[in-house]
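Student: With the numbering used here applied, the sequence shown corresponds to residues 1 to 150, in that order.
Do not rely on the hints blindly, as some may be mistaken.
Restraint-style ranges between C-beta atoms, simulated for each label pair [claimed, not checked]:
hint	residue 1	residue 2	range
1	Gly14	Asp111	37 to 47 Å
2	Ser112	Arg9	36 to 46 Å
3	Glu30	Asp4	27 to 37 Å
4	Ser19	Ser112	30 to 40 Å
5	Lys63	Gly100	37 to 47 Å
6	Tyr92	Thr22	15 to 25 Å
7	Ile109	Gly37	41 to 51 Å
8	Ile109	Glu30	29 to 39 Å
9	Glu99	Leu15	24 to 34 Å
10	Gly100	Asp23	20 to 30 Å
11	Ala90	Gly37	16 to 26 Å
If you're looking for bench data, these hints aren't it; they were derived computationally from the structure.
Ideal placement from N, C-alpha and C gives every residue a C-beta, glycine not left out.
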Amino acid sequence: MWTDKNRKRYERTGLRYPSDLTDDEFKMIEPFLPPEGRVCRRSLVDGIFYILTTGCQWRQLPKDFPPRSTTHDYYVELNCTGVLTRIHHALYAKLRVLEGRAETPTLAIVDSQSVKSAEKGGPKVIRPDMTQARKLREKSATRLSIRSAS
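Whole structure, please, built from the sequences with the hints as guidance.
Tutor: If you want it as structure tokens, here you go:
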């Protein structure tokens, strides 16, 4: 609930950008991050959050963050190695505990509409190069059977 006490707790004043992490927020995710290299991990994470919250393009990352290629590479590394997923899961579990609930949900609700689309196979991606090959095989199947019979 947004009380005066909570509003003060979540104010972003005093930060360079509203997307920057506070010290307490960074302490929560720091154990999940890979060891620090030549560039400060905190500034890399702040750069990633800037991109994600503003929706700007990587080439428009402000100059007070690490170079965009370094920040982008760090984001890709965190994503591909599963660090972002582990951070999300840990924060999610911590929030559930703070709310007095179990770390993991014990009940799931499935929408019947979702089940219906899953039974049909859901949306399928058809590669155009594969459909052309199938059509050619279907057309030539008749010709091949006539040739083999003669």
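Student: Measuring from beta carbon to beta carbon, are Ile109 and Glu30 in 29 to 39 Å?
Tutor: holds, 35 Å
Student: CB of Ser19 to CB of Ser112, is that within 30 to 40 Å?
Tutor: The hint (30 to 40 Å, Cβ to Cβ) holds, given that Ser19 and Ser112 are roughly 39 Å apart.
Student: Starting from the hint 37 to 47 Å, judge whether the C-beta atoms of Lys63 and Gly100 obey it.
Tutor: holds, 45 Å
Student: Could one say that the CB atoms of Glu99 and Leu15 fall in the range 24 to 34 Å?
Tutor: holds, 26 Å
Student: Honestly, do Ile109 and Gly37 meet the 41 to 51 Å range at C-beta?
Tutor: 44 Å Cβ-Cβ, so the 41 to 51 Å window holds.
Student: Taking 37 to 47 Å as the stated bounds, is the beta-carbon spacing between Gly14 and Asp111 within them?
Tutor: holds, 43 Å
Student: Can the suggested window of 27 to 37 Å be confirmed for the beta-carbon pair Glu30 and Asp4?
Tutor: At 30 Å between Cβs, range holds.
Student: Is it true that the C-beta distance of Gly100 to Asp23 lies inside 20 to 30 Å, as the hint says?
Tutor: holds, 26 Å
Student: Is 16 to 26 Å right for how far apart the beta carbons of Ala90 and Gly37 are?
Tutor: holds, 23 Å
Student: Regarding Ser112 and Arg9, is the given constraint of 36 to 46 Å on their beta-carbon distance met?
Tutor: Distance hint for Ser112, Arg9 holds at roughly 40 Å.
Student: Measuring from beta carbon to beta carbon, are Tyr92 and Thr22 in 15 to 25 Å?
Tutor: 19 Å Cβ-Cβ, so the 15 to 25 Å window holds.
Hint compliance for this structure: no hint is broken.
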